[in-house]
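S.K.: Take a look at the letters that make up each chain.
There are 2 protein chains.
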Amino acid sequence: MHNCDQHSDCVEEALRRADNICAERGLRFTQQRRKVLELVWESHGPVKAYDILDRLDSRIAAIKPPTVYRALDFLAENGLVHRLDSLKAFIGCSHPLKHRECYFLICTDCGEAKECCNSELADVINETSHNNGFRAEHTTLEITGECRDCRDTH
Amino acid sequence: MHNCDQHSDCVEEALRRADNICAERGLRFTQQRRKVLELVWESHGPVKAYDILDRLDSRIAAIKPPTVYRALDFLAENGLVHRLDSLKAFIGCSHPLKHRECYFLICTDCGEAKECCNSELADVINETSHNNGFRAEHTTLEITGECRDCRDTH
DNA sequence: ACCGCGAATGTTATATTATAACATAACGTT
DNA sequence: AACGTTATGTTATAATATAACATTCGCGGT
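In order, the protein sequence lines correspond to chains A and B. At position 72 of the first sequence the residue is numbered 72 (the working numbering), and the sequence of numbers has no breaks. At position 108 of the second sequence the residue is numbered 108 (the working numbering), and the sequence of numbers has no breaks.
Simulated from the structure, these hints should not be mistaken for lab results. Hints are not guaranteed to be accurate.
Any copy, or any two copies together, can satisfy a pair, since identical chains are not distinguished.
In the DSS-like style, the derived pairs of lysine-lysine whose C-alpha atoms are separated by at most 27 Å in a straight line are [said to hold, decoys possible]:
no. : residue 1 : residue 2
1   : 98        : 64
2   : 88        : 48
3   : 114       : 64
4   : 35        : 48
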């Protein structure tokens, strides 16, 4: 499990960062998008699109899937969330200003996904793409297994 | 696009390899599983589960989704096919005896997915997992972009 | 050959994830 | 206010995947 003294601080920080980033880039960070980002951040772990939908539903009336997916698309395009392909889920980006060299360590036990950066890894990936004459646009790198905490517990 | 003089040779080779591997491991390589593997190999590219279902449908009567997914699960568990999470599709494994250090270069233009091996990459991934106290079980590494052939054409 | 067990398949139904297509509203610029 | 662009609402449905239970198949033991 992820530890943070006050998770509300994490959420607030994420929203503040998003405010700033969108302001800088002249993007419209609407109430919907903000709300969806807030719900993504409700936990530190991966969140399903339909769980977000359900939570929106209970607060505001009659939100439909396209609304959620559009917001998630916007957030993902701008690096504020990531889609974890292997889980069909979304997770808030913990460092949206430099999220090109990221990968995820996903624990099958506790369900947490840790976002990591490693330029060495990015270098090897670039190099190997290059050797294949391949122009890389996007990399999905998700490692599933058991995290330190869960190993220690067992 | 992938080049092979006679694609039927690729398919036959893949099936023969599968026969051998299953025999060695005492696995039941049933007609269904064989047929599904054959259909996965019908092209060199990624194949959707429901496309396999449709093709089976037209030949044999009334095959249902669970049949296809079960066969694909069997094949994936035994390293004969890979699921490409970012595409929600499946692709035949071109070297099923050593498929632990693999990644895919997926071209968004022609749709081909090239399976590559690179132990250096595997080393960096292992190392970085280890540094995080993470016991890695499975790695999804999919790089999307533009392949050499498509770059040359444009 | 028959039995019995576990593995594989059949079958029905449904869950889950995601998008197409078109209508309306909000927003900023002139 | 009029306009174009961007965002949202709305309806419907597409695409992907699995649960749950019934039946059949293949194989080892007798």
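S.K.: Hints numbered earlier in the text: which of these fail when held up against the supplied structure?
M.R.: 1, 3
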